[in-house]
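Colleague: These are the residues of each chain, in order.
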Amino acid sequence: MSEPADPIKEEPRADGQPGDKELVERSQKGDGAAFAMLVERHQRQLYRLALRMTGSEADAQEVLQEAFLNAYQKLPLFRGEAQFSSWLYRIAANSALMRLRRKRRAPDALGEQPLELSGPRFSAEGHLEPTSNSDWSQRADERMMSTELGSAIDKAVKELPEDYRTVFLLKDVDGLSNDDIAHALSLSVPAVKSRLHRARLALREKLGEFFDSGAPAE
Amino acid sequence: MTTPVQHCKECVELLGEYIEGTLPPDRAKALEEHLSTCPPCITFVRTYKATGRLCRSVMKSDMPRELVTSLKSFLGEHVPGFSCTKPDSGPAPSGVAADSGRKKV
Numbered sequence: 026m027s028e029p030a031d032p033i034k035e036e037p038r039a040d041g042q043p044g045d046k047e048l049v050e051r052s053q054k055g056d057g058a059a060f061a062m063l064v065e066r067h068q069r070q071l072y073r074l075a076l077r078m079t080g081s082e083a084d085a086q087e088v089l090q091e092a093f094l095n096a097y098q099k100l101p102l103f104r105g106e107a108q109f110s111s112w113l114y115r116i117a118a119n120s121a122l123m124r125l126r127r128k129r130r131a132p133d134a135l136g137e138q139p140l141e142l143s144g145p146r147f148s149a150e151g152h153l154e155p156t157s158n159s160d161w162s163q164r165a166d167e168r169m170m171s172t173e174l175g176s177a178i179d180k181a182v183k184e185l186p187e188d189y190r191t192v193f194l195l196k197d198v199d200g201l202s203n204d205d206i207a208h209a210l211s212l213s214v215p216a217v218k219s220r221l222h223r224a225r226l227a228l229r230e231k232l233g234e235f236f237d238s239g240a241p242a243e
Numbered sequence: 280m281t282t283p284v285q286h287c288k289e290c291v292e293l294l295g296e297y298i299e300g301t302l303p304p305d306r307a308k309a310l311e312e313h314l315s316t317c318p319p320c321i322t323f324v325r326t327y328k329a330t331g332r333l334c335r336s337v338m339k340s341d342m343p344r345e346l347v348t349s350l351k352s353f354l355g356e357h358v359p360g361f362s363c364t365k366p367d368s369g370p371a372p373s374g375v376a377a378d379s380g381r382k383k384v
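Protein chains in written order, with the working numbering: chain A, 26 to 243; chain B, 280 to 384.
If we strip away everything but chain A, and leave its shape as in the complex, we get:
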């Protein structure tokens, strides 16, 4: 029989506020104000997760309400073997997935899912082909605020397969850790890293095409 996992230790917070562990314990004893502090602390990250998974602000709002309410109702079951934030992400991700599944019952909801990701091209000897090799990084920084560039990025990200897009957005745009993403999406950390890398490679190709197409500067 396996031993139960030890509750995780918690470092003191730099802002002097009570840590999640203490707030969870107070919430479990019925302290609604402590739960409110947990909500305030985690709502923005949870919103980004919900928004990235559902792609809709309205859906993200409902996911957020459902997730925090579920978390509150399930708090007596939380034993502290994982970070509270990871546990919360998992609840929100499940809520978002349920919502997506319900929507996909509608015909054509998956009609635009691309099947393959693009990436760099190599010669038979494994060297980069010149088409994958123009240096647009400097131009990219100069045109960071360009509307055209913004549209190109938006389009390229939307064209990623959903599983890759979610991981990419959570990691590279929202700054979640690999561990939190893996926990929320029920993936292994290597799977998170692999999807992230492939998504970056595909987006890099699309951005290269944008810059090489000679789109006019703003």
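For the record, the hints were derived by calculation from the structure and aren't laboratory data.
Computed, partial: chain B to chain A, Cβ under 10 Å:
(1) Lys-288
(2) Glu-292
(3) Leu-333
(4) Met-342
(5) Pro-359
(6) Ser-362
Each pair of labels, with its calculated beta carbon distance range:
(7) A:Glu-150 / B:Lys-339: 37 to 43 Å
(8) A:Gly-175 / B:Gln-285: 34 to 40 Å
(9) A:Lys-183 / B:Ile-321: 27 to 33 Å
The structure presented is a predicted model; accordingly, all values stated were derived computationally and were not measured. Note that CB positions come from ideal geometry on N, CA and C, so glycine has one too.
Dock chain B against chain A, hints included.
Modeller: Okay, now just chain B, sitting in the frame of chain A:
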């Protein structure tokens, strides 16, 4: 002995871990040795890094203030004793929320 990174393809495969700093030291060293002799891969690293930077600058999304308020109101109705200790400190919305009204779950 360090196994060299022979080809650009191998370099590209290792790049994600290298940039995160999670590549084992011997592989990181081999990759750096390859980069020191391969200008196309240096360009590749620059554009690979720029991809994440650009997407972050364009797609960063903050929680709209209206949503902070509606969530607080919703939970206030369902969680006994729920009250926020501070006034809403959410960022100003970057645009109008698609549906910022309170929703019942």
